[in-house]
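Participant: For the record, the sequence lines run as chains A and B.
Counting in our numbering, the first sequence runs from 1 upward without gaps.
Counting in our numbering, the second sequence runs from 1001 upward without gaps.
Just so you know, the hints here were simulated from the structure itself, not pulled from any lab data.
One should not assume that every hint holds.
Said to hold, decoys possible - The list that follows gives simulated cross-link-like pairs (lysine-lysine, DSS-like), each with its CA atoms no further than 30 angstroms apart:
#1 B:Lys1216 to A:Lys118
#2 B:Lys1119 to A:Lys2
#3 B:Lys1077 to B:Lys1015
#4 B:Lys1218 to A:Lys175
#5 B:Lys1216 to A:Lys175
#6 A:Lys175 to B:Lys1015
#7 A:Lys118 to B:Lys1085
#8 B:Lys1136 to A:Lys118
#9 A:Lys174 to B:Lys1016
#10 B:Lys1022 to A:Lys121
#11 B:Lys1084 to A:Lys175
#12 A:Lys121 to B:Lys1127
#13 A:Lys89 to A:Lys45
#14 B:Lys1121 to A:Lys175
#15 A:Lys2 to B:Lys1121
#16 A:Lys175 to B:Lys1077
#17 B:Lys1232 to A:Lys28
#18 B:Lys1077 to A:Lys174
#19 B:Lys1116 to A:Lys174
#20 B:Lys1218 to A:Lys121
#21 A:Lys45 to B:Lys1136
#22 B:Lys1016 to A:Lys121
#23 B:Lys1060 to B:Lys1216
#24 A:Lys9 to B:Lys1136
#25 A:Lys175 to B:Lys1060
#26 B:Lys1216 to A:Lys174
#27 B:Lys1216 to A:Lys121
#28 B:Lys1190 to A:Lys175
Small disclaimer: the values here were computed from a predicted structure and weren't measured.
As a plain string of letters, each chain reads:
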Amino acid sequence: MKNIITFIKFALVIFINYSLFTNPSFTKMSAIGVMTIIVSIIIQKNTQRQVKFIPLIILGLSLLLFYLIFNTGYPLLYRLQLGLYSTLKITTLSLSVLCFTYSTSIRDILNFLSFLPKDVKLLIAITFSQIPVTLDETDKIISVQKSRGQNFKGLNIFKGIISVIIPLLHRNLKKADQLSIIIVARGYQNE
Amino acid sequence: MDNGLQIQNVTFSYKKNTRALKNISVRFNRGTFWGIAGANGSGKTTFSYLLNGLIPHVIKGHLSGEVLIEGENSRIKSVSYFSKKIGMVFQNPDFSLFNLEVYDEIAFGLNNQGIKNQKEKINQALKAVNLSGFEKRDPQTLSFGEKQKVNLACVLALDPSYIILDEPSAMLDYQSSINLYDILKRLNNKGKTIIVIEHDTDLLFKYTSNLLVLNKGKASYVGDTKNIFSDKTILLDNGIKPLNYINKNSL
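Please build the complete structure, drawing on both the sequences and the hints.
Facilitator: Structure (structure tokens):
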């Protein structure tokens, strides 16, 4: 039963994203966009998980600004309409995927994807399991770099990001190396 | 066949001219409790990779000499084949767990070997490491000691004759280390061969019956644990802390 529900959700996300790329009218696009936003708000309330709207709003506004500043050959109203159209497209696309991942547990997604080859399933399981670990490690590295005097404010943010990304990358590569040995040691043979 | 694990004149190097292991010969008989000690960089972990066929199948380098696992040459059979006989618990449990639930973590090895009746085996393995009821837990949310025990359960589910542990007590508090070693001792009493790489001399002295000391890739001592602990000079020469050494010297 859970697999059927996951399939329906998955199919809905695919349908929404497919319809976005068939150049729908502005009205149709707005309807899909508003519907997705409402669904994501409902999911946020029911699952008590914070859907991060702010980065999406920033992304949408930047896109809108891009259309207003450039493409000067077209009239302002048309550029505004184009900008809004693209903003809606990207926001709906992101929100629909967020809705799916927020309302479906990783276990359900993996069960639903059981038809995939063994190697791909393992890859997905490792990826999902390592996301929270990587985020946790990022926080730790940030704390370490702060304690060593790294400033993350103002223009120093770029230097700060590099000081986090490099050790994180190094650690993850090392972990991947170790993990591959462990998987083989536990008797795994690829198909 | 009861030939144990035989390492015969093994020399291994990752790159040319940098030998990680130099002409080591040792035999691990069934049912024994071995310790492997030595300073950092002495080749302990490399040696452990040799015991279950990871060298030369996964970790590449130049290997000479023979590794016989119950009479079978490690070069001929795959690591997957040997994983039924030899279980390995790696050093950092944070890097070793990659599934979403403890149950899946243990079932991974069983699936690879095509073993049925998984639920019973998983429950038995968890019971053996005192983690009954942890099946649905996320391995990443467990404490360090619990993660180490889950790693051991993953190995135990396959019921191997030999269990190798790479510094199992590193980063564990004293009580957790004792708990873990008590579990290992219990398994040893049931006939399993335990090989631990360990820095803690108290644990080595208390639990192991035989000791292999590595020094710069060479086996500088192979024999009874109690004998080597009676000679402080050999221990200190090999970078191993004698029993109660710091207490006595600070007084």
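Participant: Confirm or reject each hint.
Facilitator: Here is what the structure says about each hint:
Restraint check: the Cα-Cα separation between B:Lys1216 and A:Lys118 comes to about 41 angstroms, which exceeds 30 angstroms; the hinted pair is violated. Restraint check for B:Lys1119 and A:Lys2: the C-alpha separation of about 22 angstroms stays at or below 30 angstroms, so the hint holds. For the hint pairing B:Lys1077 with B:Lys1015, the CA-to-CA distance comes to about 24 angstroms; that is within 30 angstroms, so the pair holds. A distance of roughly 28 angstroms separates the Cα atoms of B:Lys1218 and A:Lys175; the hinted pair therefore holds under the 30 angstroms criterion.
Taking the CA atoms of B:Lys1216 and A:Lys175, the gap is near 26 angstroms; set against the 30 angstroms cutoff, the hint holds. This hinted pair checks out: A:Lys175 and B:Lys1015 have alpha carbons roughly 22 angstroms apart, not beyond 30 angstroms. With a C-alpha separation of about 24 angstroms, the suggested pair A:Lys118 and B:Lys1085 falls inside the 30 angstroms cut-off, and the hint holds. For the proposed pair B:Lys1136 and A:Lys118, the alpha carbon gap of about 22 angstroms is at most 30 angstroms, so the pair holds.
Between A:Lys174 and B:Lys1016 the alpha-carbon distance is near 23 angstroms, which keeps this suggested pair within the 30 angstroms criterion. Note on B:Lys1022 and A:Lys121: the hinted pairing is violated, with a Cα-Cα distance of about 41 angstroms set against a maximum of 30 angstroms. Of the pairs offered as hints, the one joining B:Lys1084 and A:Lys175 holds, with about 24 angstroms between alpha carbons and a cut-off of 30 angstroms not exceeded. Under the criterion of a C-alpha separation no larger than 30 angstroms, the hint pairing A:Lys121 with B:Lys1127 is consistent with the structure, at around 29 angstroms.
This hinted pair checks out: A:Lys89 and A:Lys45 have alpha carbons roughly 24 angstroms apart, not beyond 30 angstroms. At most 30 angstroms may separate the alpha-carbon atoms for a hinted pair to count; B:Lys1121 and A:Lys175 meet this at roughly 28 angstroms. For the hint pairing A:Lys2 with B:Lys1121, the CA-to-CA distance comes to about 27 angstroms; that is within 30 angstroms, so the pair holds. A distance of roughly 27 angstroms separates the Cα atoms of A:Lys175 and B:Lys1077; the hinted pair therefore holds under the 30 angstroms criterion.
Note on B:Lys1232 and A:Lys28: the hinted pairing is violated, with a Cα-Cα distance of about 83 angstroms set against a maximum of 30 angstroms. This hinted pair checks out: B:Lys1077 and A:Lys174 have alpha carbons roughly 27 angstroms apart, not beyond 30 angstroms. Using a Cα cut-off of 30 angstroms, the hinted pair B:Lys1116 and A:Lys174 is violated, with the two alpha carbons roughly 34 angstroms apart. Distance hint between B:Lys1218 and A:Lys121 is unfulfilled; the C-alpha atoms sit about 42 angstroms from each other, more than 30 angstroms.
Under the criterion of a C-alpha separation no larger than 30 angstroms, the hint pairing A:Lys45 with B:Lys1136 is consistent with the structure, at around 26 angstroms. Proximity of B:Lys1016 to A:Lys121 is assessed by CA-CA distance (about 38 angstroms); at most 30 angstroms being required, the pair is judged violated. Restraint check for B:Lys1060 and B:Lys1216: satisfied, since their Cα atoms lie roughly 20 angstroms apart, inside the 30 angstroms limit. With a C-alpha separation of about 25 angstroms, the suggested pair A:Lys9 and B:Lys1136 falls inside the 30 angstroms cut-off, and the hint holds.
Our distance criterion of 30 angstroms between C-alpha atoms is met by A:Lys175 and B:Lys1060, whose separation comes to about 18 angstroms. Between the alpha carbons of B:Lys1216 and A:Lys174 the distance comes to roughly 24 angstroms, so the proposed pair stays at or under 30 angstroms and holds. Restraint check for B:Lys1216 and A:Lys121: not satisfied, since their Cα atoms lie roughly 42 angstroms apart, outside the 30 angstroms limit. Our distance criterion of 30 angstroms between C-alpha atoms is broken by B:Lys1190 and A:Lys175, whose separation comes to about 34 angstroms.
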